[in-house]
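Enquirer: Each chain is listed here by its residues.
There are 2 protein chains.
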Amino acid sequence: MIPKFEAGYEHLKVTALAGGVGGAKLLVGLDKVLQPGQLTAIVNTGDDFSHFGLHISPDLDSVCYALAGLADPMHGWGRKDESWQVLEELRRIGAPDWFALGDRDLAWHLERQRLLSEGKSLTEATAHFCEIFGIQSRVLPMCDEPAPTLIKTKEGEWLGFQDYFVRLRCQPEIAEIALLGNKEISTSELVIQALKDADLIVLAPSNPWVSIDPILALEGVESILQEKTVISVSPIIQGSALKGPAAKMFSDLGIHPSSEAVRQHYEDFLDGFIFDDLDVKDAEKWQASAIINEACQTIMKTDEDKTALAKAVISLGARILQGR
Amino acid sequence: MIPKFEAGYEHLKVTALAGGVGGAKLLVGLDKVLQPGQLTAIVNTGDDFSHFGLHISPDLDSVCYALAGLADPMHGWGRKDESWQVLEELRRIGAPDWFALGDRDLAWHLERQRLLSEGKSLTEATAHFCEIFGIQSRVLPMCDEPAPTLIKTKEGEWLGFQDYFVRLRCQPEIAEIALLGNKEISTSELVIQALKDADLIVLAPSNPWVSIDPILALEGVESILQEKTVISVSPIIQGSALKGPAAKMFSDLGIHPSSEAVRQHYEDFLDGFIFDDLDVKDAEKWQASAIINEACQTIMKTDEDKTALAKAVISLGARILQGR
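From first to last, the protein sequence lines are chains A and B. According to this note's numbering, the first sequence holds residues 67 to 390 in order. According to this note's numbering, the second sequence holds residues 67 to 390 in order.
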């Protein structure tokens, strides 16, 4: 049973770790339910890459466009009311078109690249975007350095994430995932502070392997989580992911994809776990643990779905916090 | 009297030095009059700069778009049949809009930046453009390194050329022009070869100070010109430039702007000089010199004007070559 959402949470500080589409949806719900200043989103940048000399940050843009109300609801990436003049010309001149940038989307990419070229950090450029588009919550890239997620295929080839994800449409079987380009990378002071200041840390329903794990792999992050109240929302429902290769990644890596597998993935520091109503029957067979499970509708089609899930997350978090 | 253009020039190798708009027009004429392989254009890159992280090469693009038949005849820069979706969005988000990049123009800028990011040279990227758009003549940037033309104002401030030219609309009075960023810069082997192989070297009707001089300032260029038959077409008519700040630059630097001043500017290596019919009366008062003067219509409004001027240039060149 999900406790009803009640007032009295306006001092709760929530920091959410998120990847792209699914994560962005829950962030929209949290952003609507919480007051300005309550929510900080820490967003995966392991998928970032350089294309046409421009810094591309797919998850950060999905999150920012969603929070700004600019996201294309059809694709789950890019902007709504988009035009494609530049992409059409790129096709005409035989330039690579596998990563589709719309004209409006491209304008922001140009402006961000200008800011980065001037020595601004990705964190600062993101703050500038939030200011332009009136986003009330704070959005932080997980770090300012390049921290590429690399995919090793069963054929032994190393791929950049977008190569795997967009160009090769997740076809290759995965043998290994290397986070942060196999380097030790620190996050920013702002990220560390947002984690330390949080009453509640939420792992959004994003891909555990390539959206959340890169953030967890940053120096110092996981040790803070172990001291905090952490809730995760399963991106896996009935053994599948609504979008993206999360389920296939579990399988490729020899793990049966399920909500329980997600819970186990995070069990070192998890306090609460929200999974979909559709998995209630399966949950009866899960191993006992101190993690508090909660079933609810996690599929977010409408804004009401997003706020309902956000309320469920906060309510469960508040309940756990009260119980401490 | 201009000799009639006659066949028999199909083995003449012509290398033309050019800047943007005016230079591009004569190049179009030469390109139409000559056979594939006869013409090489060496184009000023002193105006190049970086904008939104993209390499911008205004003269090179004016020349390439003109030769490809894609140039906007209204502005003299950018592409015809252009759309402005990206620029409109840049304005909406408060990004700098002083350098106008249309959507189609931007596609080529992105593709060029991709090639440069992959380690291709500006020369190679330009060759790729010529191939895509079926340009029969060869276009070479004057060099592959950054070689910025810097403008010192009478207030003592140093400006990048586009800052002076586009953002400040040539308002500041010029105290000094520093070519090649005040460094010694070599050009490419291809440029040296195109100069050495040329039967005839043409200085297009481009700004002497900031379009032609940067090319002449490259190591080894001027010494080759001294051995060659060199013809210049005056960009100054009746003391004014048709476009751009050439006349104002002469004045700022204390020289009365005139066709004769252009001829004097190049007199160390010039063999023939073409100036406009409108200046014939003035020419009677010019100092005597070994340079062969030729008056004709140099204003190029139509393609016929361009080919007529190109024929005049080649005829004069052939006449000088025959006389040697």
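Since the hints were derived computationally from the structure, they do not count as laboratory data. Any given hint might turn out to be false.
Identical copies carry no separate label here, and so any pair may be met within one copy or between two of them.
To be verified - Computed list of lysine-lysine pairs in DSSO-like fashion (alpha-carbon distance at most 30 Å, straight line):
1) K220 <-> K146
2) K220 <-> K249
3) K186 <-> K249
4) K309 <-> K249
5) K79 <-> K351
6) K218 <-> K186
7) K186 <-> K351
8) K367 <-> K79
9) K249 <-> K146
Enquirer: Hints the structure violates: just list their numbers, smallest first.
Expert: 1, 5, 7, 9
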